[in-house]
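Q: Make a model of the complete structure from these sequences and hints.
Each chain, letter by letter, is given below.
2 protein chains.
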Amino acid sequence: MTGERMDLSGLRGFAAERMDPTQRRAVEGLAARARMDVLDAIARAGSGHPGGALSSMDIYATLWLCARVAPGDERAPERDRIVVSHGHTAAGLYAVLGNLGFFDIEEFRRGFRTACSAFEGHPGLRVPGVEWCSGSLGQGLSVGCGFALGLRQLGSPGRVFVVLGDGEQAKGQIGEARELAAKYRLGNLIAIVDCNGLQASGTVAEILPQGIEAKYAASGWRVCHADGHDPAALYQALRSCCGDSTQPTVILARTIMGKGVSFLENRFESHGRVLKADECARALEELRPLAEANPWQVPERGPDRQPPEPVERRVLAGQPLVYAAGRTLDCRAAFGAALNSLAAANRGRPGAVPTVLDCDLLESLRLREFRRDFPAHLIECGIQEHNAATVAAALSRAGVLTFFADFGVFAVDETYGQHRMSDLNATSLKLVATHCGVDVGEDGKTHQCVDAVGLLANLWGFQVLAPADANQTDRMVRYAATTPGNVAILMGRSPCPVLTDAAGRVLFGEGYEFRFGQADWIRAGDQGTIVSFGHMVWRAARASDSLRRRGVRVGVLNLACPVELDAARLREAAATGLVITYEDHNERTGIGAQVGAFLAESGLHCRFGRMGLRRYGLSATPDCQYEQLSLTAEALEERVLLEMS
Amino acid sequence: MTGERMDLSGLRGFAAERMDPTQRRAVEGLAARARMDVLDAIARAGSGHPGGALSSMDIYATLWLCARVAPGDERAPERDRIVVSHGHTAAGLYAVLGNLGFFDIEEFRRGFRTACSAFEGHPGLRVPGVEWCSGSLGQGLSVGCGFALGLRQLGSPGRVFVVLGDGEQAKGQIGEARELAAKYRLGNLIAIVDCNGLQASGTVAEILPQGIEAKYAASGWRVCHADGHDPAALYQALRSCCGDSTQPTVILARTIMGKGVSFLENRFESHGRVLKADECARALEELRPLAEANPWQVPERGPDRQPPEPVERRVLAGQPLVYAAGRTLDCRAAFGAALNSLAAANRGRPGAVPTVLDCDLLESLRLREFRRDFPAHLIECGIQEHNAATVAAALSRAGVLTFFADFGVFAVDETYGQHRMSDLNATSLKLVATHCGVDVGEDGKTHQCVDAVGLLANLWGFQVLAPADANQTDRMVRYAATTPGNVAILMGRSPCPVLTDAAGRVLFGEGYEFRFGQADWIRAGDQGTIVSFGHMVWRAARASDSLRRRGVRVGVLNLACPVELDAARLREAAATGLVITYEDHNERTGIGAQVGAFLAESGLHCRFGRMGLRRYGLSATPDCQYEQLSLTAEALEERVLLEMS
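As you go down the protein sequences, you meet chains F and H in turn. Just so we're aligned: 171 in our numbering is position 171 of the first sequence, and the numbers increase by one with no gaps anywhere. Just so we're aligned: 1079 in our numbering is position 79 of the second sequence, and the numbers increase by one with no gaps anywhere.
Just so you know, these hints were derived from the structure itself, not from any lab. Note that the Cβ used here is the ideal one computed from N, Cα and C, for glycine as well. It is possible that some hints are incorrect.
[As the list claims (entries may be wrong)] Covered stretches of chain F (in silico footprint by chain H; criterion: 3 or more residues with CB under 8 Å from a CB of chain H, positions within the stretch not fixed): (1) 116-122; (2) 189-201; (3) 322-330; (4) 438-452; (5) 607-614.
[To be verified] In silico lysine to any residue, SDA-like type, Cα no more than 25 Å apart, as pairs: (6) F:K276 / H:E1363; (7) H:K1276 / F:D623; (8) F:K276 / F:E107.
A: Given below as structure tokens:
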């Protein structure tokens, strides 16, 4: 079959005008072989989703044979990307990849859905060839947008193919992605919808009738149709999408759920049906003739290409902007200024100029100057946070330094599910949440992000930072830009004074370098410690200074990393005999919970109290809110004295 | 103007064939008066959103004058509902309501966006006439679907009008709502889109081009057009929607941002522009002639109608299903059985038969029998969790006992932002999250909801329950059904043994009644306590029994309410000298954090340790996962012994 493989390689990149009958039979042989492996692996595992895997199989076989990605090349920057959105078809994906030589197919057949195996129930990143770990439906097209934007920005000829289910077209995030793709004329983005007309609980038509073609057309996409089980037809449709178009295309591929096995075909129950041993044997018998007529031989794996270096290692941190003592300014302004400074320092460095995704809050996020100076690096998404969050994460994976900035309620609360998937995908998103806390002011409780720490603490892969003033903001933004991985920066809305030590020297000035996990002593004190973060720190310092004038020595510790606790400094704090956490955050889930649990677990038996939010705030100025919620510096002072009495 | 008011009341319910010129001038007078109040209130507050408030003003004036809702009637069950989706137009809404006599308009003018006032920056529920607290864009149409489904189910003739912005049409959730409304033929749902073509950062066309008309048409909606500043035209369009249609309608209303004030009109900067004193004076001068030509007189408020009783007080709990010792079954099955039992017990009681929203997981949620027996009460949404979560919450506010059931990752993680808004809206959602923890098994980490407690702990208005076996599930479902307010029930996937005490008696059998906030002693012990919840409790009991055989007396406390801690029983636990939390949940945010912080804060200085997840699990059977993650009963035993040594 080596000769036929030579023929097949001519299809790569859709170079050949068409698939000839010999080639087509070879592709059919690959698909038949992979179908058998799917059923075998699911039967061994005792769980899985055969219906969709068999339905998408011919799409997978055609795509992976014809796109510009091959074993060994699967991390080459200029490769085509293939994203599987309907992750429950993982077995189909694995079977094709294994039969193409991306890995030893036996590992899949034996290891699928078992501990310690890379072959998880939904696509796992440890499997060579898998571009994205999916499983939460409706996010794949956003991933495709992010990759397509990234390839374009880096000047790569690569194309992005996204395979989706028809049931998941109900997800609104797909609509958001469609419109962003059309706005940015992503001609390098090609969606293929596996239209088998069935989903887990019945037909698509009865579960949620959708005009899928009309929706894509309404969003300005080119729509093609193809028989999703005819490799030659799929090839033609895919090839027609690979011109120099500025319009994204969708191929609606007519398919049959459970294709190839008579008693699985066209039955919604096949979605998650695991065959018993005798059924599996019957199914394999049905598939065998086609596989034997066109025997497939797994090719040798090519030499491994080195993966590209993370973009963050190529980013220059630039010259820190130092704000002088006596100034009062909001961290948002410092964020905007740091972005411009970083962009200027990295001009001309591929991927290293920050790209920022905005959801119609340019002015509030202090991004107008950035857009003016670096317009190609400001991606305006409009009001579609779910899509923006996923696009940003995927763009970061494509090798572009990417920030997603938004109000806290949208950057964190609204998009938590998206960030959770980014966490699982080891992306490198720089998430900037502004307007956190009741500090958001008059917009009121719908806009109060009083749970950012409580939410992000759940995501193991996110570093969570909270600057206490403009200087620390500047340094944290540069840290995030030069550090691989997901980093979230939380800030309030109101101006904060530049922090100084008790002697009036700037605390985070020249020579200060932010280190992840380090808390900062803002004030010393041996009679107790206030532990705070973000825009409450200057209030804590004020309370400490006032108490000192009354003869009470209480320190202030800035928990600049409110989730990654600084054990050494918290031990110092506990040694003062009293720890009070003070935060503009739900006290049940913020640093109060984190620090309290740490003290208990470490056996540090000091007095401990929490000051934070026990309900939503009001629609009023921040000062007025803190007054009403007993969170002013004066209230803190009283609380300290009460605890000490 | 009293005479003219009589004429206007003829417009109520769109009874009159058309608005005559006298009526039209009166409506214009109301709108002009309200526009002046908007500018006045925003100027006094020093913040707000005049652009959209003036843009939507004529829509608000026409709607509130003509829909079947009036001061005093605003809580009558059969009223029409008017939902404002683009909540930043709150000032416009308040100004119309105040001028219609829903409350004293002066309270709005003086109190807007100030502490202690009901007139928050985004619509607040404390304002009479406000149906929904909005501010997170894109959710209003889902709210409308929920209300429309509720009115239909309760046999009410009421209609639901939803006013939306054009910028927010970018949100995917609106697309989800459109399709659900079309599927359920919600002819009683009418959307009005304020199409002023501008949003916060520029024109809609440049920020995110959208074919709004095409999108609604693609979803099967009837589309009308109207001049959004001509009350008579709006009236005609609205009246045309109020036939006996089975098709939802959208009115695309052409409007002008900042309408009525020359220097605010058609400028995107007017979105959030606060006028200086002299500008405000000029603006008022521009508006005054129209207001004086058609002077508006605030009518008397009618007699107050009593609000309906919460549906939960009308729900019969039915006969508990008691599962016998020795049985092993999954909590999902007990949930499905309890639902059927509740539905049967409440047959014929309006609103009291549970209605369940499903997102294509009928079989996994054990809802097939419920759908078979109560098909009208199973709302199949397909794969669109964001919409389903909001629809369910709104349906509960319409007086229908409503459950939203889904896998934990979709019921909680994916939809956290929606639940946060439901929390602010004092809804009465019964949220059932199944498949929580790594107990989800082979589906792998994309499906591992290991943060449900950590997320829901942020929502003050949610009661969070976690049953430890089938019996407790049954009782908790009945508790949720008969208790007003938001209640979340978290459960795993795998079968659990029916829990018994050390003597083998069923723990949650006959006579057991679930009480919110109460933890349960599963085993007694004076040398230490394991605190656990959900499907880990039986493992904890097994560890305790095994330790007892080895002469070690360690108790087990079931934290059935993992957020609302039972202080008394935790004190008893601390008195044993050792507390270990044991959970299938991120240990940084689960009961480990909650209990640890409680111990520290209460000065209970016992030894304390956490056993939970420090990373995502694998794709494998639950037993295999617990083995790999050192969370088996045996591992717990070892940990207890280690802590005691």
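Q: State whether the coverage of the stretch 189-201 of chain F by chain H holds or is violated, taking the criterion as 3 or more residues with Cβ-Cβ distances under 8 Å.
A: Check passed, 3 qualifying residues.
Q: Are three or more residues of the stretch 438-452 of chain F within 8 Å, CB to CB, of chain H?
A: Holds: 9 residues of the stretch 438-452 of chain F have a Cβ under 8 Å from chain H.
Q: Do three or more residues from the stretch 607-614 of chain F put their C-beta atoms closer than 8 Å to C-beta atoms of chain H?
A: It holds, with 5 qualifying residues against the three required.
Q: For the stretch 116-122 of chain F, do at least 3 residues have a Cβ located nearer than 8 Å to some Cβ of chain H?
A: This one holds; 6 residues, not fewer than the three required, reach chain H with a Cβ under 8 Å.
Q: Mind checking the alpha carbons of K276 of chain F and E107 of chain F for me, to see if they're no more than 25 Å apart?
A: holds, 21 Å
Q: Are K276 of chain F and E1363 of chain H close enough, with their CA atoms no more than 25 Å apart?
A: Holds, because 19 Å separates the two Cα atoms, which is no more than 25 Å.
Q: For the stretch 322-330 of chain F, count the residues whose Cβ lies under 8 Å from any Cβ of chain H; is that count three or more?
A: That given contact is violated, which follows from only 0 residues of the stretch 322-330 of chain F lying within Cβ reach (below 8 Å) of chain H.
Q: Tell me if the straight-line CA distance from K1276 of chain H to D623 of chain F falls inside 25 Å.
A: Distance ~22 Å between K1276 of chain H and D623 of chain F Cα, so the pair holds.
Comparing the model with each earlier hint shows a violation of hint 3 alone; every other hint is respected.
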